[in-house]
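Sequence order for the protein chains is A and B.
When we follow full-length UniProt numbering, the leftmost residue of the first sequence carries the number 1, and every step to the right adds one.
When we follow full-length UniProt numbering, the leftmost residue of the second sequence carries the number 1, and every step to the right adds one.
To be clear, the hints were calculated from the coordinates, so they are not data collected in a lab.
The beta carbon of each residue, even a glycine, is placed where N, CA and C say it ideally should be.
One should not assume that every hint holds.
[Stated by the list, open to error] Some chain A residues flagged as far from chain B (calculated, every beta-carbon gap over 10 angstroms): (1) K26; (2) K42; (3) E43; (4) D55; (5) E130; (6) P131; (7) D133; (8) L137; (9) E144.
[What the hints assert, rightly or not] Output of the computed footprint for chain B on chain A, the stretches with three or more beta carbons under 8 angstroms from beta carbons of chain B: (10) 12-20; (11) 68-80; (12) 98-107; (13) 110-117.
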Amino acid sequence: MAEYTPAYVGTVTKYVFIESPHLTPKDLALRAYEISGGVMIKETCFGMQVTGKPDEVETLIARIREFDPSHIYVKDRGFPPGDERRCRANLGGARPGYLGHEFEMGRIRYIARGLEAPATGVPAVPERREPLDARKLKELMEAEEP
Amino acid sequence: MVKVFIYPATSLILSDMVARFGHEPIGSALGIRERIQTPGFESPPLQITPEEPKKGLKWAAVEVPSGVRGRMAIYGPLIEQSEAAIIIREAEFAFGCMGCARTNELIQFSLRHRGIPVLDLEYPSSDEEGIAFVAAIREFLAGLAKEGQA
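Build out the structure end to end from the sequences listed, making use of the hints.
What follows is the structure in structure tokens.
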């Protein structure tokens with residue numbers, strides 16, 4: 001095994017996802033560049049990745065969130081941007097972890113509604129409708145009722 | 001600020017919610033980052049070395065497959081430092097190979113076994129569920145802050 005010399009030691013990397021009717025990922029990246037200071041920004045189709053010293057990244061994230069608080073979402077990333085062990089360019093196909101992002105981005109619009117709603121206790125939610133049981137469906141078909 | 005373990009440990013929604021409401025999300029990225037930034041012998045793709053399954057013995061018995069023990073070497077220390085947890089039940093994207101599936105079960109068992117406050121949720125699939133989902137997390141995290149002050 002080869003000796004491993006890590007890059008970007010002491011930094012943090014965060015994903016910034018945006019799904020907003022007012023702001024595109026490109027707009028967000030442009031605004032982020034204006035306030036980035038020494039933080040490294042990588043533009044992506046869903047938003048961007050920011051890498052830098054923890055306090056600098058936190059400051060940038062706090063300011064980015066202000067642009068559209070209920071439509072911008074942030075999470076940590078273990079790998080720095082462009083890491084050959086994770087980068088799509090080296091592996092081919094979708095990047096590992098992409099399916100998780102895709103799944104959760106499908107739910108983001110409900111979360112945005114939750115964030116925009118006034119903070120008044122936990123409302124009751126109507127129970128989810130159960131899918132029709134296959135046996136029940138077979139019975140209905142065989143009953144041949146008009 | 002309370003350290004809140006999130007399950008699925010890679011969840012964007014939970015990680016964002018916890019940080020947004022003023023606490024520290026504990027997820028797999030922290031464990032991976034620690035390994036990625038540690039010099040040593042390269043062991044792609046995750047810089048996980050053959051030592052990890054040995055470390056994992058602290059959380060899983062020797063009969064347990066090494067894949068589970070290797071994963072627990074990442075998650076175990078994170079679980080131990082957590083002071084609360086939010087678990088999404090039956091998260092569809094958290095499926096995987098048998099190593100992942102068993103590790104997921106062990107993570108949830110370990111969290112419940114620790115006796116820390118745990119919030120159980122399901123992914124929202126409507127606006128009403130989304131509002132309740134966010135409100136539940138907000139209330140849970142606000143409660144933690146009060147406990148921390150007491």
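Against the structure, the hints:
no., hint, verdict
1, K26, "holds, 20 angstroms"
2, K42, "holds, 16 angstroms"
3, E43, "holds, 18 angstroms"
4, D55, "holds, 14 angstroms"
5, E130, "holds, 13 angstroms"
6, P131, "holds, 13 angstroms"
7, D133, "holds, 19 angstroms"
8, L137, "holds, 22 angstroms"
9, E144, "holds, 34 angstroms"
10, 12-20, "holds (count 4)"
11, 68-80, "holds (count 8)"
12, 98-107, "holds (count 7)"
13, 110-117, "holds (count 7)"
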